[in-house]
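Colleague: Heads up: the protein sequence lines correspond to chains L and U, in order.
For reference, each letter of the first sequence is one residue, going 1 to 111 in the numbering used here.
For reference, each letter of the second sequence is one residue, going 1 to 115 in the numbering used here.
Read the hints as simulated data drawn from the structure, not as lab findings.
We put the beta carbon where it would ideally sit given N, CA and C, even for glycine.
There may be inaccurate statements among the hints.
[Claimed, not checked] Derived DSS-like pairs (lysine-lysine); straight-line CA-CA distance at most 30 Å:
#, chain 1, residue 1, chain 2, residue 2
1, L, Lys-51, U, Lys-42
2, U, Lys-57, L, Lys-70
3, U, Lys-57, U, Lys-83
4, L, Lys-93, L, Lys-51
5, U, Lys-42, U, Lys-78
6, U, Lys-42, L, Lys-70
7, L, Lys-93, U, Lys-83
8, U, Lys-57, L, Lys-93
9, U, Lys-42, U, Lys-83
10, U, Lys-78, U, Lys-57
11, U, Lys-57, U, Lys-42
12, L, Lys-93, L, Lys-70
13, U, Lys-83, L, Lys-70
14, L, Lys-51, U, Lys-83
15, U, Lys-78, L, Lys-70
16, L, Lys-51, L, Lys-70
[What the hints assert, rightly or not] Derived Cβ-Cβ restraints for the label pairs, each shown as a range:
#, chain 1, residue 1, chain 2, residue 2, range
17, U, Glu-85, L, Ala-52, 31 to 41 Å
18, U, Lys-78, L, Pro-39, 26 to 36 Å
19, U, Ser-66, L, Gly-59, 36 to 46 Å
20, U, Lys-83, L, Gly-40, 18 to 28 Å
21, U, Arg-69, L, Val-44, 33 to 43 Å
22, L, Pro-39, U, Ile-60, 15 to 25 Å
23, U, Lys-78, L, Asp-18, 24 to 34 Å
24, U, Lys-83, L, Ala-78, 19 to 29 Å
25, U, Leu-39, L, Glu-15, 25 to 35 Å
26, U, Arg-80, L, Ile-110, 45 to 55 Å
27, U, Lys-78, L, Val-44, 43 to 53 Å
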Amino acid sequence: GQQLNQSPQSMFIQEGEDVSMNCTSSSIFNTWLWYKQDPGEGPVLLIALYKAGELTSNGRLTAQFGITRKDSFLNISASIPSDVGIYFCAAPKTSYDKVIFGPGTSLSVIP
Amino acid sequence: EPEVTQTPSHQVTQMGQEVILRCVPISNHLYFYWYRQILGQKVEFLVSFYNNEISEKSEIFDDQFSVERPDGSNFTLKIRSTKLEDSAMYFCASSEQGQPGNTIYFGEGSWLTVV
């Protein structure tokens with residue numbers, strides 16, 4: 001079935017460094033979503049992408065919708081300690097009403 | 001900013017007991033969802049609900065699960081006879097329109113522990 005893959009699985013970076021993570025699939029999607037989850041809390045939407053090739057920013061975060069519609073990238077510039085958490089990509093299944101999630105990328109920021 | 005609210009935030013229950021998790025979706029949203037996240041794993045879709053009926057459900061959502069919108073504001077998930085493997089964080093979510101293309105907003109979750 002449709003499945004999302006994320007890499008890397010986890011990252012340990014120094015404060016101030018830039019971060020890059022990606023999400024891939026063998027299926028085509030028309031929307032890509034990036035969520036962040038803090039421990040014990042629900043996923044919070046960071047960026048939504050609706051068009052192939054689209055590049056969208058939200059503060060220090062930038063995400064791109066891949067041209068092939070099979071991937072998406074999330075970049076975080078100048079990381080800070082509060083960036084710590086799990087970043088999930090997600091995409092709506094084409095058959096309506098169901099959003100599937102990737103396994104997540106766990107980010108740790110060392111002060 | 002409007003948000004999805006869930007109660008309880010944490011519940012411990014004995015195996016075999018019934019559990020009801022409650023959610024108040026964002027007020028102008030029409031589509032409602034339940035997702036589940038087992039500790040350390042990814043978020044998994046359970047069910048979507050629109051116009052007072054289930055629009056889609058996953059293989060996880062078996063006969064032990066049911067959803068209801070008992071009034072104009074609440075959306076509930078009932079687990080009829082809990083099993084140990086039902087221990088997870090359950091997230092309610094809502095969206096203004098259906099998928100694809102419309103974003104889903106999540107509540108903070110209800111952590112269920114079955115002992």
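Colleague: Could you run down the list of hints and mark each one as holding or not?
Modeller: Going through the hints against the structure:
no.: 1; hint: L:Lys-51 to U:Lys-42; in the structure: 25 Å, holds
no.: 2; hint: U:Lys-57 to L:Lys-70; in the structure: 24 Å, holds
no.: 3; hint: U:Lys-57 to U:Lys-83; in the structure: 19 Å, holds
no.: 4; hint: L:Lys-93 to L:Lys-51; in the structure: 16 Å, holds
no.: 5; hint: U:Lys-42 to U:Lys-78; in the structure: 22 Å, holds
no.: 6; hint: U:Lys-42 to L:Lys-70; in the structure: 19 Å, holds
no.: 7; hint: L:Lys-93 to U:Lys-83; in the structure: 29 Å, holds
no.: 8; hint: U:Lys-57 to L:Lys-93; in the structure: 12 Å, holds
no.: 9; hint: U:Lys-42 to U:Lys-83; in the structure: 20 Å, holds
no.: 10; hint: U:Lys-78 to U:Lys-57; in the structure: 14 Å, holds
no.: 11; hint: U:Lys-57 to U:Lys-42; in the structure: 17 Å, holds
no.: 12; hint: L:Lys-93 to L:Lys-70; in the structure: 13 Å, holds
no.: 13; hint: U:Lys-83 to L:Lys-70; in the structure: 37 Å, violated
no.: 14; hint: L:Lys-51 to U:Lys-83; in the structure: 42 Å, violated
no.: 15; hint: U:Lys-78 to L:Lys-70; in the structure: 36 Å, violated
no.: 16; hint: L:Lys-51 to L:Lys-70; in the structure: 12 Å, holds
no.: 17; hint: U:Glu-85 to L:Ala-52: 31 to 41 Å; in the structure: 39 Å, holds
no.: 18; hint: U:Lys-78 to L:Pro-39: 26 to 36 Å; in the structure: 27 Å, holds
no.: 19; hint: U:Ser-66 to L:Gly-59: 36 to 46 Å; in the structure: 41 Å, holds
no.: 20; hint: U:Lys-83 to L:Gly-40: 18 to 28 Å; in the structure: 23 Å, holds
no.: 21; hint: U:Arg-69 to L:Val-44: 33 to 43 Å; in the structure: 24 Å, violated
no.: 22; hint: L:Pro-39 to U:Ile-60: 15 to 25 Å; in the structure: 23 Å, holds
no.: 23; hint: U:Lys-78 to L:Asp-18: 24 to 34 Å; in the structure: 46 Å, violated
no.: 24; hint: U:Lys-83 to L:Ala-78: 19 to 29 Å; in the structure: 46 Å, violated
no.: 25; hint: U:Leu-39 to L:Glu-15: 25 to 35 Å; in the structure: 28 Å, holds
no.: 26; hint: U:Arg-80 to L:Ile-110: 45 to 55 Å; in the structure: 46 Å, holds
no.: 27; hint: U:Lys-78 to L:Val-44: 43 to 53 Å; in the structure: 27 Å, violated
In this structure, the earlier hints numbered 13, 14, 15, 21, 23, 24, 27 are contradicted, and the remaining ones agree with it.
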